[in-house]
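Please dock the two separately framed chains into a single complex, following the hints provided.
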Amino acid sequence: MGLMGRDAAMRFLAGFAFVCLGVLNSAAQSRVTELAQPDPIATAHGKPVVLIFVRSDCPISRKYAPEIQQLATKYKDRATFWLVFPSRDDSVDIVDKHVREFRYNIAALRDPSHELVRRAQVNITPEAAVFDAQGNLRYHGRIDDLYISFGRSRSAATEHDLDDALSSVVAGMKVDRPSAPAVGCYIADTK
Amino acid sequence: MSGLRLTLAIVSLVTLLHAQGEHANPIVTFNHDVAPIIFRNCSSCHRPGEAGPFSLLTYRDVKSHAKQIADVTRSHVMPPWLPERGDFKFADERRLTAEEIETIQKWVKQGAPEGEARDLPPAPHFTPGWQLGDPDLVLTAEKPYTLPAAGSDQYWNFVLPVPINATRWVRAVEIRPADKRLVHHANMLVDRMRSARHLETQPGAGFAGMEISLESETFDPDSHFLFWKPGSLPYVEPDGLALRLDPGTDLVLNLHLQPSGKPESIQPRVGLYFTDKSATRFPMLLQIQNDRALDIPAGEANFAVTSDFTLPVNVDLLAIYPHAHYLGTDLLATATLPSGSQKTLIHIPRWDLKWQGVFRYAEPVSLPRGTVITMHYVYDNSADNMSNPSHPPKRVTAGNRATDEMAHLWLQVLPQGFGPEDGDPRRLLMEALARRTLQNDPADFEANYNLASVLQAKGFTRQAIEYYETAVKLRPDHAVANNALGAALIAIDRSEQAVAPLRMAVKNRPDYFDAHYNLGIALHNLGDLNGTLEELTAAVRLSPGDASAHANLGAAMAEAGHYADAQGELENALRINPNLELARENLAALKNILH
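One line per chain: the protein sequences are A and B, in this order. If you read the first sequence in my numbering, its first letter stands for residue 1, the second for the next number, and so on. If you read the second sequence in my numbering, its first letter stands for residue 1, the second for the next number, and so on.
Don't read these hints as lab results, they were simulated from the structure. Even for Gly, the Cβ is constructed at its ideal location relative to N, Cα and C. It is possible that part of the hints are untrue.
Lysine to aspartate or glutamate pairs mimicking EDC-like chemistry, simulated, CA-CA at most 20 Å apart [claimed, not checked]:
1. B/Lys180 <-> A/Asp132
2. A/Lys76 <-> A/Asp132
3. B/Lys67 <-> A/Asp89
4. B/Lys180 <-> B/Glu114
5. B/Lys343 <-> B/Asp384
6. B/Lys180 <-> A/Asp57
7. B/Lys109 <-> B/Glu50
8. A/Lys97 <-> B/Asp179
9. A/Lys191 <-> B/Glu114
10. B/Lys394 <-> B/Asp404
11. B/Lys67 <-> A/Asp57
Have a look at the derived ranges for each label pair, beta carbon to beta carbon [what the hints assert, rightly or not]:
12. A/Ile94 <-> B/Gly545: 51 to 61 Å
13. B/Thr344 <-> A/Ala156: 29 to 39 Å
14. B/Gly133 <-> A/Ile94: 30 to 40 Å
15. A/Ala156 <-> B/Glu93: 30 to 40 Å
Same shape as in the complex, but just chain B (with noise of 0.2 Å):
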């Protein structure tokens, strides 16, 4: 049994501070005032399974928290949201006014008095399980990662593969991202070209956070913000703005995990909900940046990076995502009207990367075009900065780790005036967002590569060939920028110029069909047909459906004297597409040597 004595001390404390209160104010109870605040503001997250540590539900589980609370509320650290009021509302605001944290604190200085039962309002009433009901699809990673027990963050990204045989439209998408008392934030991107996942060990177990880049088959810049934070429900988009998914695809989720002090294995869920209606309106991320403009001396407190972006159309603006590492102390985007009237689109005075998020506004906000965009940094990187990841503190740049730093600006927009006469707006904003960011940083690979697409779709193909040239500069092994400077070289009949850079490409990723393909053209334009039929060879194994790599091989075998392969070359391409013109001109002309 106890040998310990019980002390009435601190009882006694409680009762006499409550008696103070009655007299200095008028009584401030749990029921009357307290629940309200607390079951509209915590408990969506402080309940079972949710991120909160513990449960406010209750008048037990706030009276057994009731200083606490009166603290982080004072001091704004909870409810947890960065953005100080603007000039425009974003959606699920959860921020306390000085009313109601000054009625916490009189409730405790009170001795935080249950109330008359009468008084206490409903218990707020929460959808358990998938948040939309049961989603059409439920993925889930497949090997589990284990949270160490302590240490600093860590960032695990996971592959999911999208099990679908037709294309789909997403209307709206459930995180689940594992216990979420661990999880800071997690933000899902859609790897249409399933370029992720060559960077796990073994399929299925994911890989350490980096730098992301991920390839698109075409035009098809990411157009939604997949993102969870604590308390955030499942957004659905609205009829027409649906994201595409196409059999083929990956969803990369990236999570910022905090250890809890055991190790936790994380194995998070994604639910997709679908919808027949497919997208009529096409919104765009925008990324402004100035990460070169990034070089903070040790020791600096006040460092500033800036830049800005002026809108080529008009959009409207739907969520923002501001985004630096732990040395970023105040982070403002301004819109510069074309009236010359400046509105904030989001400030944060006292950034905090754990709580980062994506932020959607209540209303799209209508940003007509010559609205200058402005992104104002400032970065604290000396030693009183707690967060200050270097001790002591060290020359900080740009960078992927947590000791270097980002200065991003991610802008969901939805681009106006799609149309025959216009054509696709969001070209525009990818060509003069590209442009804008070789006037920060020319050495930018990503600028120089989008860029060199945009003039290439748009027929400027020597001047698209000067923009990859310099991508490949930046980065000599890179397979899909070497591809595309090959293509571009041969489109203007220098093939003899795009043959090393497409056996870069080929050496580099030997499993890509397109980069085969194409170098087996410039071969046959140079007149090396068993270069030619090594390479078609080669596609055709890679892609057994492409019609046209057949209908190439064929021909080629043609040439080279093969009359039986070529036939069957021929007539597998005519099986997959019959209306390959020219591989019927060729099988009958083909047919009539044989004969």
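So that you can see chain A by itself, here it is in the shape it has in the complex (with noise of 0.2 Å):
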């Protein structure tokens, strides 16, 4: 007997590409802050002192908050971390759910008044400021260059200012680069 023929079944092939990069990190412990509002830089306890100022609702801000912590957990025993909020639309419990949820482990103040951004003569979120043990200020400005402005950023970042001056300061010497402009939200805005 004949077997019945079937047409070739053809197949026609079309697709969109993707582009796949890699993974990294890994979310620290988080831990629920009270907020206090100590002078920080005063109650330095003989280390050198590194203000986080961060906004609720600034992408970029928000996007630093692993590198941000990172940097806290590398220099726990040597110096005191904080988050500042400058932002008075950044309540209480606004700051509170923002810690949790981004994981920090640091503590946090608010500074709707902006007396610490005057001090740490700091203008945008995020910025950092280093004040050493006796409350001189030795570093403000960016965390590193991921950003060039605001909707342009690196693959990576290629400097890593706040690092470098926190590790100079630790050891007691000289920061070679005091200040460097940070990209985010302005903290005027918040006024």
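Right under this line is the structure:
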């Protein structure tokens, strides 16, 4: 008996191409911090103090959370880190929620009067300030150079300004570059 | 309590600026001048649940980002809109005029005053939830994907089975890609052969981004862009242009995700809106590309890649989707009409992958047969290109990783001239496109395969076989290409040569019905009855509802003398399809033998 013929099965191909990028990260354990309002610089206990100015609704500020936490962990025993929220809109509840959501293990302060903003000479979130144990401002500016401008970023940071400055301060050495402009949201907008 | 002292320094500075502004310029206020601009251009994304990181719905919202807004509008970072003004207008263009940008600058310089309440336009109205009302069918990704808190952008694919038991026509699709602040864009493909789900480690788990090559059962080229970018509203197809969805189809949703600073759970949903009006016109996606020309030396800041395509039929151009990776800087597509006049289809002078998208024309662009579509893309592989993913720069060629490049231009066209005389103009487009791609790169697998398929459909089987053979040489493991080559060889009575590619197809995809079936036929033609029985039994097991498979298995069983089994199979075949004449004749002959 003959077999029935069958049209050759035809297949047409089409495809979009997608890109695949590497994965990195691990999230730090979160700890809810009390929103006490000490003067972080005056209560340095002989260690350098790092203030990181952040804003809960600033996208660049949010994206830096893992990097900030990583630096805080790195300098855990040698410097005291504080998160500072200068926006009046960042209420105690919002700050509390933000710190938990982003798994910060750093104490948080509100600075709606911008007293700390002025002392740290910062104007952006996120922006860092490093005071030595004597309370002298030794560095203020960007965390690193990942962002070139709002909306433009490098694939990875090439200069780690805060880390470099901090390692000099804890070693009692001179900071090579005492300030570098930060990219993010203007603190002036929060007045 | 607070140990901090108050300072008034910044407050008084703002007041001072404000006072100076009043003298220099007429006062610009939020309510009178700025709110209309913001409401029209920004609020649709800058509101709760949308892509914007904060809301811009009230004076207080806008004031608390005023300087930022002045900056990003002046630098054209916001609103994000890549194409320059060209010869054709796009739907949903989101672009500020120079006057609007200047108004915002003035307002901020003057201290961002609120103005008179009576000047405030009504707040913009937005439809909450699904934008077109409740969808007819909602698909939800089975397992969420966890986006890491930090690191580079991620690409993830979700496979969404479509639970329908009859063919449905889709007039609109709303993609809700999870928290929109995390998603740069979403791109959805119709996977008619469910080929992508093989890439999942377990059903519903999804898979990391890579080049996806989807296969379609018959000549059924991709027809619709199913694309989401921030701020885009679901597009409702006009009558006659609906998308066909058959039972057994998967949708594959590809998301480009940006880490947010904390781990995020991504579980997208897709809403489908059906229509009773089936498709009467059939658009087609054309891909013009020249990936082979991509070989960019390290440090080269101005590397151009071009290609062109001459339209073999009249088309209406509906939408356009230029695509490059991180090194692309200037992407241009033009159309040179037969009259010689040249039109800009799209020009993106500052390409930025994160704002890529499909751009739909406000009105279809008529392009007559003979029009030459040209793409001209420029790449910067120097260290000065901040987006360069390689430090230091390295030589870059085409590929699907972020560190590779691409030079693709996708067009959605509606071919004109369907008819009994002209046949299906999409075949002409497919053939012309495949031939053009092969000029650029004779080793392009898809172009070889697609050209072979078109040639075979036109009856040029011998020519088709040459291209199938090239395709198989390029991807010796490719089951579908091997099966097609085998089937074409059987069609011209070269079953002996068909066996090897068909065995390869079966080996690489053991659940491939067509390949088992075709191998059964080939072996039968060669007189290998045991092999025939084995393959057709496998085919029947894989597709128990296929009448031809039962009929052929029955015939082979009869030849082998297994009459009782043969009768059963022939009866099965006729139960499924009573019109199978040969099966009926075989059954009658068999009954004569048995009696």
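- Query: Going through the earlier hints one by one, which of them does the structure break, listed in rising order?
  - Reply: The structure conflicts with hints 1, 4, 5, 7, although it agrees with all the remaining ones.
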